[in-house]
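Using the hints provided, position chain B relative to the given structure of chain A.
There are 2 protein chains.
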Amino acid sequence: MSPSAAHADVRIDDLETPMVAVDLGRVDRNIAALQAYCDEHGLANRPHIKTHKLPFVAHRQLAAGASGITVQKLGEAEVMIAAGIDDLLITYNVVGSAKAERLARIARMAKIQVGVDNRVALETVATAADRAQRDIGVLIEFESTKRRQGVHDPAEALALARLVENSPFLRFRGLMTYPSSPASVDWIDRARALFDDAGIAIETVSGGGTPSMWEAHEIAGLTEYRAGTYVYHDRKTVGAGVATFDDCALHVHATVVSAPSEDRVVIDAGSKSLTSDTVPPDVGSGYGRILEHAEAVIAELSEEHGVVDISACERRPSIGDRVRIVPNHVCPVSNLFDEVHLHRDGVFEAVVPVAARGKVR
Amino acid sequence: MSPSAAHADVRIDDLETPMVAVDLGRVDRNIAALQAYCDEHGLANRPHIKTHKLPFVAHRQLAAGASGITVQKLGEAEVMIAAGIDDLLITYNVVGSAKAERLARIARMAKIQVGVDNRVALETVATAADRAQRDIGVLIEFESTKRRQGVHDPAEALALARLVENSPFLRFRGLMTYPSSPASVDWIDRARALFDDAGIAIETVSGGGTPSMWEAHEIAGLTEYRAGTYVYHDRKTVGAGVATFDDCALHVHATVVSAPSEDRVVIDAGSKSLTSDTVPPDVGSGYGRILEHAEAVIAELSEEHGVVDISACERRPSIGDRVRIVPNHVCPVSNLFDEVHLHRDGVFEAVVPVAARGKVR
Chain A
1 MSPSAAHADV
11 RIDDLETPMV
21 AVDLGRVDRN
31 IAALQAYCDE
41 HGLANRPHIK
51 THKLPFVAHR
61 QLAAGASGIT
71 VQKLGEAEVM
81 IAAGIDDLLI
91 TYNVVGSAKA
101 ERLARIARMA
111 KIQVGVDNRV
121 ALETVATAAD
131 RAQRDIGVLI
141 EFESTKRRQG
151 VHDPAEALAL
161 ARLVENSPFL
171 RFRGLMTYPS
181 SPASVDWIDR
191 ARALFDDAGI
201 AIETVSGGGT
211 PSMWEAHEIA
221 GLTEYRAGTY
231 VYHDRKTVGA
241 GVATFDDCAL
251 HVHATVVSAP
261 SEDRVVIDAG
271 SKSLTSDTVP
281 PDVGSGYGRI
291 LEHAEAVIAE
301 LSEEHGVVDI
311 SACERRPSIG
321 DRVRIVPNHV
331 CPVSNLFDEV
341 HLHRDGVFEA
351 VVPVAARGKV
361 R
Chain B
1 MSPSAAHADV
11 RIDDLETPMV
21 AVDLGRVDRN
31 IAALQAYCDE
41 HGLANRPHIK
51 THKLPFVAHR
61 QLAAGASGIT
71 VQKLGEAEVM
81 IAAGIDDLLI
91 TYNVVGSAKA
101 ERLARIARMA
111 KIQVGVDNRV
121 ALETVATAAD
131 RAQRDIGVLI
141 EFESTKRRQG
151 VHDPAEALAL
161 ARLVENSPFL
171 RFRGLMTYPS
181 SPASVDWIDR
191 ARALFDDAGI
201 AIETVSGGGT
211 PSMWEAHEIA
221 GLTEYRAGTY
231 VYHDRKTVGA
241 GVATFDDCAL
251 HVHATVVSAP
261 SEDRVVIDAG
271 SKSLTSDTVP
281 PDVGSGYGRI
291 LEHAEAVIAE
301 LSEEHGVVDI
311 SACERRPSIG
321 DRVRIVPNHV
331 CPVSNLFDEV
341 HLHRDGVFEA
351 VVPVAARGKV
361 R
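Top to bottom, those sequences are chains A and B.
If you read the first sequence in this note's numbering, its first letter stands for residue 1, the second for the next number, and so on.
If you read the second sequence in this note's numbering, its first letter stands for residue 1, the second for the next number, and so on.
Just chain A, with the same shape it has in the complex (with noise of 0.2 Å):
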């Protein structure tokens, strides 16, 4: 037997658990659904690699067509320009003279752009550009649906853009927002006149997220966009009705260790493996889908464990089934293995570092 055969032998499923399984061929597929419809709509497409953490899918994504990479932390994106990567976003407030010193070392090896919403952060990024003497691009951040960032008059955007044009080693690039939306139009409207009347360009404005991304292009005045999640999808994407289970590329196995009742049995994915996130009650209960079972709910978790109501299911599962979980949230999930196990229909390929994980500084 050929090593190559040898090599096809092996099924994804035979591997022990808990493990992560990406289904390739599910990747490829949705790198290239979401390129097209940029390419489609004229956007530039900038994906967030906190989803995959994978500096060969980064790469893929570049090759189908993306401009650049989106990271949110330095040391996410020190593990990208490692590996090759050289048009980095940071969608991040770097904060502090560390920072700086981090930030300018890596801007000397690729071209950065920082998002910010306030002068405390712009004087990082300033101080990180002079003490490099090479350029960093700056978007300012501005505030639509979700209450977490961003600036929310136009005017604090200009300001803020004026201090740039003050820095002789910071570039204004324009405006960015997490997650785009209907609500985001009037507000680059005011901004684009207001920076119009004061002669400074905005060349990009960026969107993102995976849940609205096919609405993309509704949001006139968007030059980028910005997702994540759709490399691999999830429940709450499948959710919200922008994929379906058979575009989720990212599985958790796991396998049945105890049926303790009638109505319960437990698995050895917990929330070490699956994390606490929830969804909205219309999307689902419990913490993941169970493929083989969809009518079960993982209503408990500990950290090795995973209570399984079995309550509605026709077929009770036995000890030592192995079951596929699509989870809730996939981008933390990816954070919590420090490999993945790839394959093709089911064949598996190689396993792979999950190289940008837990890098939260």
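None of these hints come from the bench; they were simulated from the model.
Worth double-checking, as some hints may not be accurate.
Heads up, the list lumps identical chains together, so a pair's fine if it works in one copy or across two of them.
Below 16 Å or equal to it, Euclidean Cα-Cα: the simulated EDC-like pairs (lysine to aspartate or glutamate) are [stated by the list, open to error]:
hint : residue 1 : residue 2
1    : K146      : E303
2    : K146      : E300
3    : K111      : D86
4    : K111      : D130
5    : K146      : D263
6    : K146      : D309
7    : K111      : E78
8    : K111      : E262
Frame of chain A, contents of chain B only:
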């Protein structure tokens, strides 16, 4: 200046955020307090390492008098055995041939006991013991107040114990439950009577859980106690009344990175630093307690953003401020960080890898 003087100059508060700071003085105090309690009441102390996942802390627990350690998964056992620990209880059903192979390997390196609640898991343990040609101890898990796993009827425990006796390398050691509670007493009494009649000795009755640890001596029949969280404590165990915030040894340090409105600031610690675990409403709201602003509520988490409601705060936090957070549930926080930073009274001592992090298999 001598190197040690230079070392003394580094404060834990000078290190980049988000990060995990562990106060060694408090760890030692927490270890000593539970050991003294167990010694006083004649309970074997077998701490669960899932909370800290650090071999050096496990060794401190043993040095203080623990009879062995508890782990949940084989991967945790492998890490601890590699670090020189030789007496382990695995409180988890191990199921399947891959697990049997791994269990056999560690059974040749250390004294192993395994908790089971069903025949399939028991067969896995028996296969491992046969393969290793080494004794493996068996505890039968029974269900207490928590609807998770464990046999319900003492007769089921007896049936499993009889199977243990039929296997040449398995040794029946006794019973275990989690968490132990006053409701366990009656169950233990009935089981003891049944096993006495059958002529099978119960050496060990193992209970556990930090929230009820100071009442362990009131659970007649317990011989051993397994607590994990007590080594660090968290918002949940403070809420349960078994510790105070001054006992909490692990803090997530974060920085305010945005102040987008009067009633809200954003910190650089989100669900990737704090987890989405909640506490009961009577303990508090939000995703952790900010020590510097007790009235603040970490109201919402994204992966990297903590959105803090400061409407009840007298002092408004500023961008760049550092805050220390007691997590709701500390164990899964340990599982998010590749390393923790150790200090004594705020003086940085060392950074150590969280060696048993992510060992879900």
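Okay, the hints, checked on the actual structure:
In the homo-oligomer, the alpha carbons of K146 and E303 lie at most 16 Å apart only across protomers (14 Å), although the nearest pairing inside one protomer, at 30 Å, exceeds that limit. In this homomeric assembly, K146 and E300 come within 16 Å of each other (Cα to Cα) only across copies, at 11 Å, whereas the closest approach inside a single copy is 28 Å. In this assembly of identical chains, the alpha carbons of K111 and D86 lie at most 16 Å apart only when taken from the same copy (6 Å versus 52 Å across copies). Taking the shortest alpha-carbon separations for K111 and D130, only the intra-copy value of 15 Å comes in at or below 16 Å, while the best inter-copy value is 59 Å.
Taking the shortest alpha-carbon separations for K146 and D263, only the inter-copy value of 15 Å comes in at or below 16 Å, while the best intra-copy value is 39 Å. Proximity of K146 to D309 under the C-alpha cut-off of 16 Å is restricted to the inter-copy arrangement: shortest distance 14 Å between copies versus 33 Å within a copy. With identical chains, the CA atoms of K111 and E78 are at most 16 Å apart within one copy only, with a shortest distance of 12 Å there and 43 Å across copies. In this assembly of identical chains, the alpha carbons of K111 and E262 never lie at most 16 Å apart, being 59 Å within a copy and 35 Å across copies at closest.
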